Structures are given as C-alpha cells and as structure tokens.
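Visitor: Going down the list, the sequences are from chains A and B. Okay, so the first sequence: first residue is 23 according to the numbering used here, each after it adds one. Okay, so the second sequence: first residue is 23 according to the numbering used here, each after it adds one.
Honestly, the hints are just simulated from the structure, not real lab data. A hint or two may mislead.
Note that the list lumps identical chains together, so a pair holds whenever it fits in one copy or between two copies.
[Unchecked claim] The calculated lysine-lysine pairs, modelled on DSS-like cross-linking and capped at a C-alpha distance of 30 Å, are:
| hint | residue 1 | residue 2 |
| --- | --- | --- |
| 1 | Lys76 | Lys212 |
| 2 | Lys253 | Lys142 |
| 3 | Lys76 | Lys335 |
| 4 | Lys76 | Lys371 |
| 5 | Lys291 | Lys76 |
| 6 | Lys142 | Lys250 |
| 7 | Lys76 | Lys61 |
| 8 | Lys324 | Lys371 |
| 9 | Lys338 | Lys291 |
| 10 | Lys76 | Lys338 |
| 11 | Lys142 | Lys249 |
| 12 | Lys346 | Lys76 |
| 13 | Lys297 | Lys76 |
| 14 | Lys346 | Lys253 |
| 15 | Lys211 | Lys76 |
| 16 | Lys122 | Lys142 |
| 17 | Lys158 | Lys346 |
| 18 | Lys158 | Lys148 |
In this text, all values refer to a predicted model and were calculated from it rather than measured experimentally.
Number of protein chains: 2
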Amino acid sequence: MNWENNVRRVVPYTAGEQPQDPSVIKLNTNECPYPPSPKVADALRDYDICNLRKYPDMNITLLLEALARLHGILPEQIFVGIGSDDVLSMAFMTFFNSGKPVLFPDVTYSFYDVWADLYKIPYECKPLDENFNIVKEDYLKENGGIVIANPNAPTAILAPVSDLEEIIQANPDSVVIIDEAYIDFADEKKDSCLPLIDKYDNLLVTRTFSKSRSMAGMRIGYACGSKKLIKYLNDVKFSFNSYTLSTPAILAGAASVEDNDYFEDICNKVRRTRKRVWQELRSLGFEETVSHTNFLFASHEKIPAGQIFEALKENKIYVRHWNKPRIDNFLRITVGTDEEMDTMIAFLKKYL
Amino acid sequence: MNWENNVRRVVPYTAGEQPQDPSVIKLNTNECPYPPSPKVADALRDYDICNLRKYPDMNITLLLEALARLHGILPEQIFVGIGSDDVLSMAFMTFFNSGKPVLFPDVTYSFYDVWADLYKIPYECKPLDENFNIVKEDYLKENGGIVIANPNAPTAILAPVSDLEEIIQANPDSVVIIDEAYIDFADEKKDSCLPLIDKYDNLLVTRTFSKSRSMAGMRIGYACGSKKLIKYLNDVKFSFNSYTLSTPAILAGAASVEDNDYFEDICNKVRRTRKRVWQELRSLGFEETVSHTNFLFASHEKIPAGQIFEALKENKIYVRHWNKPRIDNFLRITVGTDEEMDTMIAFLKKYL
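Required output: the full structure, derived from the provided sequences and hints.
Guide: Here it is in structure tokens:
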C-alpha cells in the first residue's frame, strides 16, 4: 500500500497552445485582439499597492454593484469567480448531486465532461443535429441538470431563446446552465437568456470577462440567477476560499463594466471583421457556420482541416483544430485584428 | 420534487470581520501591517495593461522559477494557487480519497473540517494536550491523511520538526500536509519542514503570500513537495481551471520573491514588535502561548476574553475571539505596527 492509491486521478483538460514567440499570430484561444478599456488601466494605476497587504473585499461589492447596474438586476443575483471556468465548475459541484445524468451536447465546450469526471457526476452527451443545432427534445427527458453553451463553442452557432426557454421551463427539477461566454458577440441583445432569470429560479446564466472585455489575463467570470441559486453557490464558494478575486481584479473588473461605450465599440469591431472574413473565406472554398461569437468554425471543400492547420502553424498562424469525431474537418479561427486577418487570408490564398 | 433537493449543502466558513471604517485598528485577520516590497509596485507599474487581453501563462513559470531559486528546489516541486486556501482545498480533494478518516488537531485552522465536509471526507480531530501541543502518538495510527498547521493557528505554537518528521515517516500510506502559513515568523529557518520534501515523497508543505509577504489582496499561495505529489495536484487543478493566477498576480508574486532583503526586514520587524507586546501584555495580567507567528494568543487571569473582545471592539480595536470549547477564554491578536500596538496597550491599561 502507498499514498498514491488514494489520489484522485483525472484526465486534465488541454488548453490551446500559448506560444511565447511574439511574431506568432494567435487565433487559437479566442482572446480579444483589442486592449481592455483605458478605464481599467486608470483603476489599476490609481490603486495604492500598499493596500495589497489587506485581504480583498470578500463580498466583491464594487464589481457586483457595477454588474447589477449593467444588467438591471440585484447584486444578490450575481456570483463572481476566477474566470467562468471557476464559476461553471462550482455550479457543477453545487447543483448536480441528484445521481441522475447531466445532459449537454456532444460537440461543445470540452470542460463540461472534465468537471463531471472530477466530481463523479454521471452525464450523457446529446448529439447535435447534422447542422450542429441542438435537438430540443433531447433535453425534455428526466435528467440531473443541463448545460448548454449559447452561442455554442466551437461551432459558433446560436440557439433561439424560445427553444432554450422551453427546456428551462420543462425542467423545474434541474438547474439549467446557459453558458454565454460569447453572447456579447451575438447580433442582438435579445439573443441572451439573461432576462429569463427573473422568471425561472432554476436558470443560471454564465458570462466571462475573458473574451468581449479583453481581460483574459485578469481571470473574471460571473453567473446570474435567482437569489436562491446564487446563495447556494456562495455557500459552496465560502467553503473553498473566502477570498477568491484579488483586489486589483475587483477594481479592474468594475472599471471595465462602467465603460460600456468602449465595450460596445470593441464588440462591433469584432462583428465587422467577422463578417468580412466570413465572406473572404467563402470565396476561398470554405464553408462556415453562422457565427455569433468572436471566432469562425470553418471547413474547406477540398483540403482536410488538419492539413490547413499544420500549414498555418508552420507560417506562425495558430488556429485550433481537434482530432475528434464530427469536427475533425473544421478549424476554429479566432477573429483577430483586421491586419491579422489580412495576413491569414493572404497566406490561405497562396496556399490553397 | 425540485432542483433544490440536489444542492450540495455546506456550512460556510466565517472569516474575520472586514470593517470598512479606516479608523478601525484591524488586528483580526493576521494581515501584515507593512506594505509589500516596492519591487511589487514596480512590477505592476511596468506591466502593459493592453496585454491583459491575453490569458496568463498557465504554467506560472516566472513565479515558479523565483520560488524554486528561493527554496533551492525544482519548479516541478511547487504548486501555486489562489491563496493557500485554494492550494489546501485542492490537496484535500486530490489526496484524501481512501475513505479512512483524515486527522488534524481539535484546535487548529477552522477551514480543515469545512473542506472535509465539502468533499465528504471522513475526519477525526485529535485533541491537543493541555498546553495546546500536538500529541505525536495520535498521528501514528492508521488514517486517510494528516494535516498539521505549524506554527498552529490560533494557538501560535510551533511543534518541533523532529516530531513532525516522525509522523511523516510513520505514514508512507498517507499524504501529510504541513501548513506553514506562519512559518516565516518563526525564530529559525530550521523550524520549517520544507527541507524534508526531498526525503519523503508523501510530504506537502504549504505557504502563503498573505501574511509575511503583505500580499493578502493578491491571493497567492503555494505548496512544495515531491515531483509526484505536485504532478497529481496539477492534474486536478487543470481539470478545474487551466488559468488560475492572473498575470498581475504572477508578476507581483515573482517581484516579491526576488526582494528577499525587504522580506526578511518585515519579518524581523514583526518579531521585534511581538516580543515587546508579549512582555507588555504579561505585565497586564495576560498569559500567552509562545508565539512563532504574527499574532498572539492570550488569556487574561481575571477578565473573560469575550468581555475584553467587546470592549476593544467598542473602541475600534478589532481582534479575534471564538465561542468554541477550550479557546473561548483566549484572544487572537494580530501583531500590528508599533503605533497600533501602543494604542491597544494604552486602552488595555486603562480598561483592566
């Protein structure tokens, strides 16, 4: 016998590569190509580092209040964590204890099954249809919880709120998580399920500062839901660690939320570039899903995705490719700056 | 039936009060009274906020390498998390899966039983002796893991390394965690178990930046152990969240570690003040344990601790008091600046 027999063994998630070479065009982790709001820099510069000696505000009041104003909800309806991965993982642990399988699509964010394994939660993957759309009926059966990324990743596809509402309404015995990491890049505000949190107390909507707020390096994510849901999440959070977000993260996060014009401007820029690149890629023989995110999910009519992936990589353009069933002929390409996109398109024109 | 039936219910940890009133003398959460190294401010000022758009280095290389140099060990022997609470909680989850009870003292850091409850790990609290010392023999029986804070909190007492080594050696089937949150305030470097990690692959030693490094607001903690132990911790960590520490935290942490002179200076200052206050309190009729931490654990010969606690609080001096068996007649008093200590002593002289 040995201590190693009692170790929790897991298959860790593999994140996109993070090359250190600054000449690489990095379109593989869906980072925003633009800097965060200048207000974020101001907030950090104005912070007196001497105060780092003190614990952060464990109630994260400043950030909760800014988010509450933004969304027109109460601070008690918001839970903040170290990126939305932290928030989602804690939601899995808090809400999925029925012993019945949790449901999510077969092609989706690849952390869901990792968390289920980590917490020993049974799960079933429901196949998307041939166009990568959710099959609503799959989620109207008995289950231990539901998680749907909307827009979905890596497919970039948006499901209609009406379908999701039907799923939420049909499952009063389960918590339904809608992971809206990319929703800020959707065309319309009404594409979000956030307004439904006042209607359904079993709905949790998660968001992140890592994409549309250009703050992946600061690690901030949040969830909105009924006061009841949020209280349960907080109880579990306070059992882990009373102080999660650092003081600089709280200040920077609040400053970002206050600068809504800058935020809208960034999202519009990404949408404009996305539209242009979408057309350019089509003319090069790619077929793409209709993206409501800051990335494109594209497949070429002739050349296998794995081959294009390698060719791009050799030319210091990093995109994402998975050797997984159903999606192994697709590339996930983050929408970068117009300049980065031009370099990629120029290369593809030459290569194809 | 309802989704609430499947919620993980926990009794959350209650942290020390965080009053917002700046006139309060805050001696209740063991924060360091001095600011972090000026090198920390430099590192944050030099960081280009535009880079926040990118994910942090998921391998935390800069900070691991600085810590490895500091301790004369390999980066692969170090695991970093969001404060030592995050590190310890992850260690509980990773290593305590035997189904046998985990052992820790009855009077110790009050998060240990919270994590055990959270992860449904059985545990037994072993009573400290009448002088709050560990009874070594209690830890030489079959168990599912051992956690000992050294110096212990809230008692401030240091156990000899020889006793701890005997416990570590006798338990090759268990992971033994020595929580050294306060070890930097001990009188001698040789009071730490850290040098034993190369000898025992079942030993994990945890540390924090929240006390001796004056960086509670930045949320950094770490664990040192065999490469094997650290790999298992990393596997679990990467199942939660690939990116935990923010880029500013990595940079600030590394800068703090590089400035060892400043660090030693702060620890010495706290030790000097501690010694003086210890004597002053004795002359006022207090009895204290011998502190190897940045706090004093004191009991008055006549006035009940709860009463002194309230009187101090009314006068805007916050210390910590627990209504718990064995320690309800003690106060835990953080060592503040000399000025703060003088104010407290002046009040106590008048009050007693």
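Visitor: Indicate which option fits the pair lysine 142, lysine 250 if close means a Cα-Cα distance not exceeding 30 Å: within, between, both or neither.
Guide: The answer is both: 24 Å in one copy and 23 Å across copies each meet 30 Å.
Visitor: When Cα atoms must be at most 30 Å apart, do lysine 76 and lysine 212 count as within-copy, between-copy, both, or neither?
Guide: between (41 Å within a copy, 28 Å between copies)
Visitor: Is it within, between, both or neither when you check lysine 211 against lysine 76 at 30 Å Cα-Cα?
Guide: between (39 Å within a copy, 26 Å between copies)
Visitor: Indicate which option fits the pair lysine 297, lysine 76 if close means a Cα-Cα distance not exceeding 30 Å: within, between, both or neither.
Guide: Answer is between: at 23 Å across copies they meet the 30 Å cutoff, but 47 Å inside does not.
Visitor: Under a CA distance limit of 30 Å, which applies to lysine 76 and lysine 371: within one copy, between copies, both, or neither?
Guide: Classified as between: cross-chain Cα gap 28 Å, same-chain 55 Å, threshold 30 Å.
Visitor: Check lysine 253 against lysine 142 for me: Cα-Cα at most 30 Å, and say if that holds within a copy, between copies, both or neither.
Guide: both (23 Å within a copy, 21 Å between copies)
Visitor: Have a look at lysine 346 and lysine 76 and pick one of within, between, both or neither, based on CA distance no larger than 30 Å.
Guide: Answer is between: at 26 Å across copies they meet the 30 Å cutoff, but 47 Å inside does not.
Visitor: Can you tell me if lysine 158 and lysine 346 fall within 30 Å by alpha carbon in one copy, between copies, both or neither?
Guide: within (23 Å within a copy, 53 Å between copies)
Visitor: When no copy is specified for lysine 122 and lysine 142, does a C-alpha distance of 30 Å or less occur within a copy, between copies, both, or neither?
Guide: Classified as both: same-chain Cα gap 11 Å, cross-chain 19 Å, threshold 30 Å.
Visitor: Since the copies are identical, ignore which copy is meant and state whether lysine 158 and lysine 148 lie within 30 Å (CA to CA) inside a copy, between copies, both or neither.
Guide: Cα proximity of lysine 158 and lysine 148: one copy only (10 Å, versus 54 Å across).
Visitor: At most 30 Å between C-alpha atoms: does lysine 76 with lysine 338 qualify within a copy, between copies, both, or neither?
Guide: Classified as between: cross-chain Cα gap 17 Å, same-chain 43 Å, threshold 30 Å.
Visitor: For lysine 338 and lysine 291, with the copy left unspecified, which applies at a CA distance of at most 30 Å: within, between, both, or neither?
Guide: within (24 Å within a copy, 52 Å between copies)
The structure fails none of the hints (numbered hints given earlier).
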